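With the hints as a guide, dock the two chains, each given alone in a separate frame, to form the complex.
Listed in order, the protein sequences are those of chains A and B. Start counting the first sequence at 0; every next residue gets the next number (numbering that gives the first Met the number 0). Start counting the second sequence at 0; every next residue gets the next number (numbering that gives the first Met the number 0).
Because the hints were derived from the structure by calculation, they are not lab data. Bear in mind that the values here come from a model prediction, so they are computed numbers and not experimental data. Cβ atoms here follow ideal geometry from the backbone N, Cα and C, with glycine treated the same way. Among these hints, one or two may not hold up.
In silico DSBU-like cross-links for lysine-lysine, where the CA-CA straight-line distance does not exceed 35 Å [claimed, not checked]:
#: 1; chain 1: B; residue 1: Lys-661; chain 2: A; residue 2: Lys-69
#: 2; chain 1: A; residue 1: Lys-151; chain 2: B; residue 2: Lys-621
#: 3; chain 1: A; residue 1: Lys-151; chain 2: A; residue 2: Lys-114
#: 4; chain 1: A; residue 1: Lys-114; chain 2: A; residue 2: Lys-69
#: 5; chain 1: A; residue 1: Lys-114; chain 2: B; residue 2: Lys-661
#: 6; chain 1: B; residue 1: Lys-661; chain 2: B; residue 2: Lys-621
#: 7; chain 1: B; residue 1: Lys-621; chain 2: A; residue 2: Lys-114
#: 8; chain 1: B; residue 1: Lys-674; chain 2: B; residue 2: Lys-621
#: 9; chain 1: A; residue 1: Lys-151; chain 2: A; residue 2: Lys-69
#: 10; chain 1: B; residue 1: Lys-292; chain 2: B; residue 2: Lys-469
#: 11; chain 1: A; residue 1: Lys-69; chain 2: B; residue 2: Lys-292
#: 12; chain 1: B; residue 1: Lys-661; chain 2: A; residue 2: Lys-151
Covered stretches of chain B, as calculated for chain A (at least 3 residues, CB under 8 Å) [as the list claims (entries may be wrong)]:
#: 13; region: 233 to 239
#: 14; region: 657 to 667
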Amino acid sequence: MAQFVLRVNGRDHQVDGDPGDSLLSVLRYELGLTGSKFGCGEGFCGACTVLIDDQAARACVARLGAVANKPITTIEAIADGDRLHPVQAAFLETEAFQCGYCTPGMVMATIGLLKTTPNPSAADIARLLDRNVCRCGTYARIVSAITLAASKSRANS
Amino acid sequence: MRDTDDREPERYELSEPRRYVFELADIDRRGFLRVLTAMGGGLLVVAALPASAEQESGRGQRGGGSAPTGDLASWLHIDEHGRVTAYTGKVEIGQNIRTSLAQTIGDELRVPLSAIALIMADTDLTPFDQGTFGSRTTPTMAPVLARAAAAAREILIDRAAARWQADRATLQARDGTVVSSAGQSIPYGDLARGQTLAGVVAANVLETPRDRWTLRGTASPKVNGREFVTGRHAYTPDVGRPNMAIGRVVRPVAFGATPTSVRDERARAIPGVTVVHDGAFIGVVAPNERVAKQAAAAVDVQWDVPTGQSSSETIFDDLKKASASNARGGGAGSHVVGDVGQARAQAARTFAASYRIPYIAHVPLEPRAAVAEWEGGRVTVWTGTQRPFGVRTEVAEAFHLAEDRVRVIVPDMGSAYGGKHTGEHAIEAARLAKAAGRPVKLVYTRAEEFSWGYFRPAGVIEVNAGVDAKGRLTFWEFDNWNSGTAGLPTPYVVPNQRVVFHSVDSPLRQGSYRGLAATANHYVREMHMDAVARAVAIDAVQFRLAHIEDPRLRAVLTTAAARSGWPHPSRPGCALGIACGTEKGSYVATAAEVSNQPSGLRVERLVVVFEAGAIVNPDGLKNQTEGAVIQGLGGALFETIEFADGRILNGTMAQYRVPRFKDVPPVEVVLIDRKDLPSAGAGETPIVCVAPAIGSAARAFGRVAPRLPIALES
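Bound conformation, chain B alone (with noise of 0.2 Å):
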C-alpha cells in the first residue's frame, strides 16, 4: 500500500485538475541563456532529477501521471569571483532549509557557506518546482544540489588539468581552489572568468559518501539568523514598493453566502479609494490601511446565506453520512490481506472503537499577504505560498494570462505548517492592483486567515482488532473517514487486515497540514494497540515489539522505552505513556509523563526518539523534532474549530488556543543518525505520536474519550 501511497494525498488543491504540460528541456535551454547572460558568464551546472528515477524509488505521483515532469530540477552558477549562487524552486518557511542545502552544496563543492548564496522561489529565476511540502527537501532536493555541485567540482578540475595540462588524478577540490601534488593552486574564481560554461550533470557524477561529509552533519548556524534577531528581514507583509496601496476584501458573512445586493456609493466618495465589484469578489484598494478598513465597512452588502450547514457538533455523522453517498467512498486508500472475517470469527477477544478528530487551524504568524503590481499586461506577485509555481497557474488563468506574463516571488516566510499551498490571496492583491492601476498590498486580518483559508482535516476512524489465546493481533481493521490516508498503513505484523480510506466532500475547506493525517491516524491505531495491550495484560512496548519486524521501528521504540524509564514514571503521581510509528520515510517514538491536575491533564516530560537516516543538520533537525513536539501539544490537548451556520466560532487568537510557553514541558529529543542510510522526511514526523503518547498515559487517571483533542471522560 505504501507503494502506491501519494506524496502528498491529502492535498486539496490536488482534486482541481492540473491544466499545464511542462517541457522540462525548454525552460531549461531559456533558464541557463538568462541566467548566465545576467551573471556575466561563468560556470552553470544544470541538474534534474529524472522523474523515471523518482518513480522508480517508489515516490511517483499517484493518479493517471498528469504531473509535471522534472520537478526536482536545479542550477547552480559560479561567477568569476568564486561566489556560488543555487536556483531552486524551494521556498524556506522556517524549516531550515536555505541553511542545510548551503550546507549541501559546499560539502559537494568544497566551498564554504559564506560562498553560497540561494536564489529561492522565483518563477522567473528558479527552476519550476512543484512546491515544498511533504518533508521532501532534503530526501530528493538535496540529492539533486549534491548532484549539480559535485558536476561543477569535477568541471572545474577538469579545467584546471586542462590548464596545467597536468594528470587530472594529482588534483582536488579544497576550500575553493583547485590544487595539485605539484603544488599548484588557482580559485574556482579564475578558472570560471571569462568562460561561458555549461554542463549538464552526468548520470555518474562521483558524490561524497555520507562517512565523508563535512559541512553536511555539523550544526552550522541558520545562514541568514542575523536577518530575523533584528527585523531586517522582510517577510511578504514588509514588501513596499513605490506608490504602493492598501486592499481589503469584503468578506462575506458565512461560508457559501452569495451578495445579492451591493451599495457602494459611500464607500466611493472616499477619497482615493477604489471599489472592485466583480463577480462574488468584493473588494476595496485605499491609500493607507485606515482608510481601507473604513472602505471597506462602508461597502454595503446583503448577503443569501445557505441554511442547513454543518457545525462541530454535527460534523462528525455528516461526514459518514456524506461518505455513504459517495461513489468514491472506499477507493484509493483500500488494502486489504488475508481473509478478516474469518478470523473476526476465530478471534479470542475483539476490541472495536471509533474516534473523533476535529478540523484544527495552522495558524502561522504570519498570515495570508500578497504584494502585486502590474506593469505592461504582467503582473509581478510577492506572497506567501509553499507553491510558487502552483500559484503562478492560478494567478495566470484566473486574468487569461499566459503563465509566462506572471511572476510570483516568495520571500522566506513566516511559517506555513502545509497551510498556504493556495493562492486565492495573490489572485486577490492583484484584482485589486488591476483595478487600481497601482501595486497593492492585501494582508489577512487574523479573522479572516482563521476563515478564509483552510483546516487539518476532520475525521471518523473506527478501528477493530482481535487477538488469539496468546494475545497476538489476528486482525486488524481501520476505517478512516476524511482525515486522509498519510499514516494509514499499519506498521504491526498482522496477517488479516482491512484498513479503508472513505474520500468525503468536507463541509469547510480542508488541505495540508504538518504531518497530514498520520497524525490523526497514528493517534488511533497507537491508542488501540495500548486499550488491546491493557485487556490482555501485556506491557504495551512488549506488545508492540511481538508484532514489529521493521528494525528501523524497534530500535526508535526501544530506545525511548530506555531513555523514558518505561514503564516506571520518573514521580510519584504521574503516568507514562508511549507511541510509535513510522512516515516520509522516518521513524518515531514518544514517551509522555503525565499528570492528573484540578485544571485537567498536564504533560510533564516528553521523551521523543527520532531517526531520519543521516542527519544533514543536527542542530536545525532537533529545532524541528522540538517544534514539530510542541506543534503537537496543541492538537493533543486544546485545540479545534469550532463552527456553526458557516462561520467559525473562535477565530481569533484570544480564541483558538495555541501553544504558549506556559504549555511546554521539557523535551528530550534523542536523534538517531544512521549515515549508512539516506536522509529521509524528518519536519513532519516528530508530530505523529505525541497525540497517542499523552492519551495512553492518561488511562491511568480514568477512561480517555476517544475523540482529539484529548480529555478524560467525566
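Next comes chain A alone, as it looks inside the complex (with noise of 0.2 Å):
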C-alpha cells in the first residue's frame, strides 16, 4: 500500500491504494464517481472512457500508479454546470442511445477524438472507436452526433 495523489476534474485527492489498483475502482468506489462505468474491466468496451492528461483512455485498465499526478477529466466535470458540452448536448439531440450505459464513455471517447480529429469521417469513427461498444446498436446515430458535434464545434471556433 502507498498513497497517490490523483487530480481527477481540477482536484486532488489523496488515495491509499496498489499500483496496480484499477483508476476505474478508484474513481468509482474511493471518489464515488459513477459516471465512468464497468463494463468489461479488460479495456475492451469503452463504458469507462475518461479523459488522462487529455486523451481518451480506459479507465478499467489505467492503473493508479501510472496515473497518479496526471490530469483525469471524467463524465462528471465536463458540462458547464447545468450548461452540457456540445458532445453531450448532440448525443441527447440525435438520442444517440437506448440504455444509455455506454453514453459516457462515448461521449468521453468522442471528446478525445474530436481533439486529435476534428473532422472525422464516418471511418475515422469506425477506426478510433473501435473499442467502444454499444450493444443497443445505435453506432449510426453516435456517427450522427459526433458529427453533429463536430460541426457545432467547427462553427464556433
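Structural data, given as C-alpha cells:
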C-alpha cells in the first residue's frame, strides 16, 4: 500500500492503494464518481472512458501508479453547470443511445477523438472508436452525434 | 398453432415451478391505501386488464394456467399540484417505455410529459407484473395505462361538473385543466386537493381513438435523456448504501463442478474480510474491490469436475441424441396439417437441409449486479432484472422468507435483451450481506457474466419441402431441436405441413434472447424458401408472394423489394438477398446487399421495412429497429459461444466479437404506420430477418454453409 495523488476534475485527492489498482475502481468506489461505467474490465468496451492528459483512455485498465499526478477528466466534469458540453448536447439531440450505459464512455471517447481529429469521417470514427461498444446498436446515431458535435465546434472556433 | 403459442416459450425459468397464488384484490387494496396515504391524498385510479381478456386475445399462458392473474395492473395518481405519477411493474431496459408509456398517459389525460413521472419495477410500490419481455409492454401495458388515464380524466371532469353544477357535456379536459364552454377553468390539482378519491377503471371507459392521438404518434425525446449523457443515472452497479461492502463469489472452475475441500484460513486472516461457505455457495465480503479480489483468490478450493461434458464441436449431435431419449420430444410445438407423407411421395421435386444454430451471449453492457441490504428481517435488493417480482420470489424462497419481507427495486437497466430474467445475483448479494451484517454490492465481472448467465439456445433445425411441377409448395416439414418455438410456424400457405419442436435438456444454461427462436427459425425457413425458389428458377420475391395470403406480410415484402431495388444490387460486385416474416404480431422484411471481400462477406447496405400497427413513438421505434438489426448482424456474421469441458472458451469482450462501429452498414428503416390497427410488439421482431437476408445474398458468391454464423463453404 502506498499513497497517491489523483488529480481528478481539477481537484487533488489523496488515495491509499496499490500501484496496480484500477483507476476505474478508485474513481467509482473511493471518489464516488460512478458516471464512468464498468463494462468489461479489459479495456475492450469503452464504457469507462475518461480523459488522462487530455487523451481518451480506458479507466478500467489504467493503473493507479501510472496515472497519479496526471490530469484526469471524467463525465461528471465536462458540463458547465447545467449547460451541457457540446458533445453531450449532440448525443441528446440525436438520441444516440437506448439504455445509455455506454453513453458516458462514448461522450468521453468523442471528446478525445475530436481533440485529435476535429473533422472525422465515418471511417475515422469506426477506426478510432473501435474499442467503444454500444450493445444496443445505436452506432449510426452516434456517428451522427459526433458529426453534429464536430460541425458545431468548428462553427464556434 | 399460433393460438396455443406461449407468450414466451423459451423462457428458461418457465420450466421451474411457480408456487405462489396471487390475489389481485388484496394487493390492490393494500396498495391503494398505502399509495394514497403516502401521497397525501389526491386521486388514485387502479386499472387492470382482466385475465379473461388476455385469454380471449389468444395470448394466454400455456401449461395449465399456473400463472398469476391480473399481471397487467397499474395505478395512476394525481396529487394536489396536478402531478401525475403512474405505477407499473414494468422495467426500463433501454427500450424506451418510460417515455412511450408517459406519452400514452399524457395523451389520454391531456397533460404534458413534464407533468408525468413513472414509478417502475419496485415490488413495494408497484403492482405485480409478470415481467418485461416478449415485446409486450406496448401492446398490453400501454392500453392498461391508457384506460387508467382516460378514467382519471373522466373522473376529473365529473368533479368539475359537480363543483360548477354544470352540464358535463359542456366540459372538456385540456392541458392539465378542466375547462367549460362558459369559460371556466380549473387545474387538475385543485380538483384533487384535499380529496381521497379512488376509482377503479370502468369497463366502458372512453379511450381516445388512434386517429386522434396527439402525444402518441410523435417522436418525443427520451424523458430522462439528460441523465444518460451526463452519467448521472445510477444503474445498479452505481447504487451506494451507507457502510456498504463489496462482495465476490468464488466460482466453480467448470460447469457442474462441486467443491471437495474448501480452505479459507488465508482469506479469513485478511482484515475486514468475511468468508461465506454455505453448501455449494462460496463467497467473500471485503471493504473494497481490491481486497475482495484478493480474498476470493485466497480461498483454496479443490473441485470435482464432471467429465464427458458437451462442447461446441459435439453440441449438435448431442442435442439430437438427447432428444431421442427425451419423452417431451415432439410435444407442445407440434403442428400437423394435411398428409405430408403422401405429398412427399407425389412431389415433383423435394429439397432437404439441416442447419446448426450455436449458443450466443447477450452481452448486456451492464453486467449482472445487485446491492442487498438487510434490516429487521427484511431484505431490500437493488438489481438488474426483467422480472422484479419473479426475483422477489426467488430471494424469498432462498431465505425461507415471506414475500413481503423482500423488496426488489430495479433501477433503469443497462440493457438485457432477454438475458436478465433470473435473480441469482440478487440471491448471492443477499447471502453475502446477511453474513457480513452490512449492505453488499456484487457486480459480475465480464467473465462471470459470460459463464454464469445464460445463453440463446443452440439448436439443430431440419427442413424438407416439396413442389409440384409448377413450382408451388406442396409440403413443408420443419424439425427444431432445442432452439425454441417462437417463429416456428411458417406464414406461407402450404397444404401439407409437419412442424415439430423437440424439447431437449440443454448442456449449457439457456434462456430468452431478443426475438427468441424466431431468429433461428426465420433463418432456416427463409434460407430454404430462397433455396427452393432458386432451384425452380422463380424470383425469390415472386415465389414468396405466391405463397402469402396475409396482406400485412405482403405489404412489408413488396415494400422492401421496391426500396432495395430488388432484384438489382445498387453496385457491381454486390448481391441482394431478401427475407420476410412475422413475430409478436408485427411484420418485417429485410433486404441485404452483400459483397465478397478477401476478408470475407461484407454487408454493404440493409433495407428494413417494419410494420407494428399504430406507432406510439416513431423515433423510438426507429431506434429500436436499427438496434435490433445491428444486434442481428452479430449473430448472423460472427457470434458463437465456444465451450468444452464445462468451460466457456471465448468468454471475454476481446474474444467474443459483438458488432462495433466498423461492422455497421447503412441501414434504411422504413416504418409503416397503421393507425387502423392496435400497436403490436416491436422491440424484437426486426432482428429476425437480418441473417436470412444476408445469407441468401451470399449465395451469389458460392455455397453457404447451413449454419449460423453465415459463411461460404470453402
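Evaluation of the provided hints:
1. B:Lys-661 x A:Lys-69: This hinted pair holds, its Cα atoms lying about 32 Å apart.
2. A:Lys-151 x B:Lys-621: 25 Å, holds
3. A:Lys-151 x A:Lys-114: 14 Å, holds
4. A:Lys-114 x A:Lys-69: Since the Cα atoms of Lys-114 of chain A and Lys-69 of chain A sit roughly 18 Å apart, the hinted pair holds (cutoff 35 Å).
5. A:Lys-114 x B:Lys-661: Cα-Cα ~21 Å, so holds.
6. B:Lys-661 x B:Lys-621: 21 Å, holds
7. B:Lys-621 x A:Lys-114: Measuring from Cα to Cα gives roughly 31 Å; hence the hint holds.
8. B:Lys-674 x B:Lys-621: With a Cα-Cα distance of about 17 Å, the restraint between Lys-674 of chain B and Lys-621 of chain B holds, given a limit of 35 Å.
9. A:Lys-151 x A:Lys-69: 29 Å, holds
10. B:Lys-292 x B:Lys-469: 68 Å, violated
11. A:Lys-69 x B:Lys-292: With a Cα-Cα distance of about 26 Å, the restraint between Lys-69 of chain A and Lys-292 of chain B holds, given a limit of 35 Å.
12. B:Lys-661 x A:Lys-151: Within the cut-off at roughly 24 Å; holds.
13. 233 to 239: Our answer is that it holds, as 5 residues pass the Cβ test (under 8 Å) against chain A, meeting three.
14. 657 to 667: The restraint on the region 657 to 667 of chain B holds, since 8 of its residues have a Cβ under 8 Å from chain A and three suffice.
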